[in-house]
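Keeping their order, the protein sequence lines are chains B and Z.
According to the working numbering, the first sequence is numbered sequentially starting from 767.
According to the working numbering, the second sequence is numbered sequentially starting from 53.
Here are the simulated DSS-like cross-link-like pairs (lysine-lysine), alpha carbons at most 27 Å apart as the crow flies:
| # | chain 1 | residue 1 | chain 2 | residue 2 |
| --- | --- | --- | --- | --- |
| 1 | B | K879 | Z | K222 |
| 2 | B | K889 | Z | K226 |
| 3 | Z | K373 | Z | K409 |
| 4 | B | K879 | Z | K226 |
Everything labelled a hint here was simulated from the structure, so no lab data went into it.
Given the structure is predicted, the values throughout are model-derived calculations rather than measurements.
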Amino acid sequence: MTLSLRQFVKRYGGNTILTVPELVLHPGIHWIKGENGSGKTSLFRSLAGLLPCQGHVQLDELNLHQHPTGYRRLVNYSEAEPCYPGFLTAKDLVQFIGSTRQSSTHQQHDIVKQFGINAYFEKTCDTYSSGMLKKLSLALAFLGNPGLVILDEPLITLDEQARLVLVRLIKNGLSHNTIFLISSHQSIDEYNLSVDNTFVITNKTLVRL
Amino acid sequence: MSITHTILQKVFVREFYRSNASFFLLVIGLAGGFMRSYDHIALAEFFISSWLTMLIPLAVWALYTLKVINFNLELMVRPEQDFIFHFNLLPRRGQWLSMLACCALQLVPAFLYGLFLVALAAKYQFYLSAFLGTTGLIVLLLYVSWRTLNGLNHPHPDSKPPALNEYINKTFTKPYPVFFIEWVIRRETLLVIGSTLFSIIILLGVLNLYNTDVYDFRLLAIGLVVVAGAMVQLIQLAHRFENFHFNIMRGLPLSMPRRVVLTVTTHLLLLLPIFGILITRFPSQLSFVTLLESLLFLLATILFWNGILYQRDRDLEALMKLVFGVSIVLIILILFKTPLLVLASLKFVIGLYLWMKYYYRFEYLSTQIEATSN
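Bound-form chain B, shown alone (with noise of 0.2 Å):
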């Protein structure tokens, strides 16, 4: 699996707040360093589909403009600060996204109980804590067959045990060359993950460190 940047550009309004000249990343981790308001968010966004953007964004043979749908199949994206309609249940997500993430029921049933949300699995996401969302959040994000894997700030709001499992699914991933973007102001050099590289956004540009 590889994930390739080429001329990369996200605009809002007609001001460019980023560009990646050229970025070729291969199965790993990959960490996303940049201040607050830098275009981490925006980056992670428009690669999950979305937001629009413009240059070449192309996933081994899928190219995000050309492939819109196989692209989004191999793409899994977890927010920061997810929220969903307060009247739907994390049954209703997990199989309404699963269904179009063609991920087994199975699948579901083992990431639900990894993160420990079968306990809330019938409730509606309106009586949820922060960190029961981030949960829900991460446990949609390893989905189907994911090829790259988008994680925003994955252990904020999150307890030591759902770490693990987040570490423990991560180096699953690995084991199956899928790519991990990640962003996160903790360190997760302490969870035995090794980063293969650290970009970091500087004057609108994703440079490699």
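Given the coordinates of chain B, work out where chain Z should sit on it, guided by the hints.
The following block gives chain Z in isolation, referenced to the frame of chain B:
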């Protein structure tokens, strides 16, 4: 004015009138647009003529009071309003006085009309009506103040979801088309009921006209243009739901045809009452083909406005101008006997083309503004 009064007014009063500005404009428009001054006086005289008829404005004020209470209690749940709970550290008497003043301002529309009725009742010596009006308003003021104070003194009460909801959530999994329907019914109940009722009334009125005289398809077609116009705000909300509130959809591996089918299914579910009326009350003097064309026209409306919405981020005002313009053009074309099938096909093709072309390029420019204001 003390800081307590200022805060309460900013939090509850100003926010209440700001949030309900369109509601008040509608009421003013209805009252000022359809009724002349002597109609108002005649209506007021009817209200005060007996204690029984006086219950009508009292019932309306009670409904308005419930609206105020509902607003105040919902406002307190918002995280940014947590600071307001410091209010319960004030002395009890001060709390009551400040709250009475605050709620009185929220009830000003009821007080003004009440004053008019009481003055009129006193003039005609209907003292019982005057007493009922005065007492009713005082009781409502005390009630809304007590409920709001009670809410402030018991922050974030633990509420158990209704047993039926729990049962439904356990037994069923919501299919995607229901996501928006539940969201919009919870959030914009009045809009859903209002636009559906409006469409039903227009359609019933138009269809009933066919029983009184001989008309060709154009009368129905013009009615459908009005119904289609009434649908647009719901289409805009569905678009906003899919691309902003539940924008996870944009990242899902769904093909364009599947996305279109999911959105259209959602709208068709909302349109079921209108489709039902059209089918069951379709005039016998029009052909079955016209019925099919009419259904296709409504379906094409969904595609057309979604296509327009994906083409560019438009606010409601810009969209409504466009709706008005398109409706005028359609009515002119209908008057020149352009077949409904042609208009439906045109809308269908334009809508689908714009939807396909712009879906992946679309972005809410107002996203960041909304994100910070929510």
